[in-house]
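**Student:** Sequence lines, in order, name chains A and B. Residue 109 is where the first sequence starts when you use the numbering used here, and the numbers rise one by one after that. Residue 87 is where the second sequence starts when you use the numbering used here, and the numbers rise one by one after that.
Accuracy of the hints is not assured; some may be wrong.
Said to hold, decoys possible - Computed, partial: chain B to chain A, Cβ under 7 Å: (1) 100; (2) 125; (3) 127; (4) 240; (5) 246; (6) 247; (7) 358; (8) 363.
Calculated directly from the structure, the hints in this document are not laboratory data. Given the structure is predicted, the values throughout are model-derived calculations rather than measurements. For glycine and all other residues, C-beta sits at the position ideal for the given N, C-alpha and C.
As a plain string of letters, each chain reads:
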Amino acid sequence: MGIIINDTGFIVDKWGSVSVLEIASDVDPNHMDILADCQYIRINFSNFTDGRIFSLARLLRLRGYSGALRAAGPMISDQYAMARRAGFDEVEIPIDLALRQPENDWLARANWQTNDYQTNLRATVNNPSKRRG
Amino acid sequence: MYHYSEFDADFLTARNRQFRDQVARRITGALSEDEFKPLRLMNGLYLQLHAYMLRVAVPYGTLNSAQMDQLAMIAERWDKGYGHFTTRQNIQFNWPKLQDVPDILDALEKVQMHAVQTSGNTVRNVTADPLAGAAADEIEDPRPYAELIRQWSTDHPEFQFMPRKFKIAVSGSPQDRAVTKAHDIGLRVIKRGSEIGFEVFVGGGLGRTPMIGKTLCEFLPKSDLLPYIEAIISVWNLLGRRDNKYKSRIKVTVHEHGLDEIQHRVAERFAEIKPSFGGLDQSLLARVKACFEPPNFKSMNLKSFEATYAKDSSFRSWVDINITTHRNPNYAIAEISLKAHGQTPGDASSSQMRIIAQIARRYGHDELRINHTQNVILPHVHKADLPAVYEALQIANLTTANIGLISDIIACPGMDYCALATARSIPIAQRIALRFKELKLEHDIGPLKLKISGCINGCGHHHVGHIGILGLDRAGVENYQITLGGDEGEAAALGVRAGPGFSTDEIIPAIERLVMAYLQLRKNPQEIFLQTYRRVGLAPFKAALYPAANAPKDTV
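One chain only, chain A, in its complex shape (with noise of 0.2 Å):
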C-alpha cells in the first residue's frame, strides 16, 4: 500500500476493491491482453530506472484503453510528466519514498502539459479522453 498521487497532490486511493488488472513492467508488449470491460489496470516496477512503464503505458493508450491507469512503485518525481504524458492517470509510490519527496515536488510537475514537444509533432495524443489534442 503506497502514496497514491495525481495532478492534485497526494489523494486518497478510490480504486477500493474494484477488479485491477496488474501488469508486470517486463511483460511482453504482444500478450498484454486486455479484456474489453477492464477499466483498471497498474503497471507495476521495481526500479526508478525502468523506463518500459513509459512504453507500456503508451502502447495500451494507443490500442485504445482509455480506463484507469496507475504506475506503481518507486517513481521520483522528476519522472512525474513523464508518466502523465505516456499516458498513465496517476502514480503510486512506497511511503518512505514520499516521505523524502513531499507532495510539493510532484505538484511541481503537475503542470505536465507545457512545455512537451510531443505536442507541436502529434495530431493525437495518447488518451484521447482525458487530455487535450
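Guided by the hints, dock chain B onto chain A, whose structure is given.
**Tutor:** Relative to the frame of chain A, chain B by itself:
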C-alpha cells in the same frame, strides 16, 4: 541556421529551472545520489576522474559566432580557459563545479544552446554531415531532419530511461561524412527515381562489441521518418536487455533476435504509431526547413586569391590540404585544424574560439561546424577571402595544414581525464604527430585516418581508423594494440587486429614501421594507405610490425 521558436525558449527556461531545483534537492538529500545521477546525466553532467565534466550539445555540429563566443566566455569564467570538441560534434568542459552548472546552463540558454541529452540512457544529441548545405555531392540538406529529430527526442516521455544510450546520425550525401553505420540508427538520404527518402541503418556502434549498422529499411519515405524512428526505439526500449549494460545497446538486441525479427516488430509498431502523428510533424518540418536557406553568396574577383596562392607556399599548402570543394565554385569549405602537432586533439582555447567566431562573422556568413574528427569548419568562405582568413587564423596558431593526414588524429580523452580509461591516448597522439612532423613525411603519406581509444569502449573510433590504436591495461602497464583497415565512410568496415600490443615506448616506432612499409608497398603516390592495405592484405604490414617474429622465417 535554426532559430529557437518561443516554444523552444520556454522549454529551455523551464528545463534549466528544473535542473537548478534538482541540484538543490540533491544537496538537501531529497534526491539520493542514485536518483540524481540519471537526472544530471540527461543534462550533460558527468563525474570524471578528477572533476565534473559538462558536455554541451552542438546539434548536428552547427553553430554561429555568438554561440562560439559564449563557449569561449564559459571556458574562461567557469573552466580553465579551454574546451574540448568531441567525436559527436559536441564540446566538453572538463573542470566545472557542480554549484556553477545551473549558471552555465543559463549562459548557454542566452545563445540558444543547452546540454540536454548529451549523456544518459536517452536519445543523444543528433549528429550530421558537417558539410551540410555546402558539400558539392549533397542530395538534400540533412540539418532540417536532424533538427526535427532533436525536437522530437527532446524530453520524449517514453525515452528518458532506456536500456542504454541511443545515438542517431544523418547524412545527406552519398559520401558518408557522418559515420552513419557506427550509430544505433544511421540515416542516409537517397534518391529512388525522382523520390527522395532515407536508407535506414540500425545496430551500428563501436565500443567493446563493434558492429557495422545493418540496413533495416532500404527506402523510407521522408514523411515516415519520426514514426519509424519512434517505432525502432519503442521496440528496443521494451526488448533491449536491462540485465547487463554491455549487452543493452540495440546492436546486441538486433544480433540476439535477428534482423528479420526486429524488422517485423518495427513494422508492427510503426503501423500502431504512424496515425498518431497525423501530419503535424510535416508542418513543423516545413517551418524548420525555412531556417536552412542557403546564405546570400557574394560575388568577388578571385585575382588576389590566385596571386596569394601562387606566391605564398604556406598558404598554398593550407589551401591544398584544408579546403574542400564547395557547391558554389567561387566558394570554399575551410577546415580549421585543432590538431597542431604536439597539442591535445580537439582542444581550443577561449582566445582561439573568439578568433574563429570573428572570422565566421566577418568572412563565413556567420556559420561554423564541428566535425566529428574534432576540427572546426567554416562551411561558406568566398575564395577571395581565404588569404584574410588564413592571416587571421595565423594569429591564433590555427593554420596547421594537416586535415585528413596522419597527424589529424582522433583521440579520446583517455586516462588524462576519463574514469573509464585504461591507458593514455592524448600523449600517444601528440608523440605520433610530432614524430611524423620531424620526419617531414606526412604530406607524402597522404590521406590516412589514425584513431586512438584509451579503453575498450572505443570513444576514439579506433575500430574505423585506417590505423587504429587501442590502449589497454596489462597488469598495471599500458599496452597498445593496433588494428588495420578500418573505414568510417560509406564502405564502413571494422579494422582487424594486427597482433600483440606494444608498450608506450614501442608504439611510436611500430606506427613508423607500419607507415614506412606502406610507402614501400604502395603502387603509386595516389594509392592511399587504406587502398594499399586492401590490395596487399595484412601480411606485409604484420611483417613490418613484428620483424623479430618473422626473422626466423626470413633467414630459412
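**Student:** List, from low to high, the hint numbers that the structure doesn't satisfy.
**Tutor:** Checked against the structure, the only hint that fails is number 3, while the rest are satisfied.
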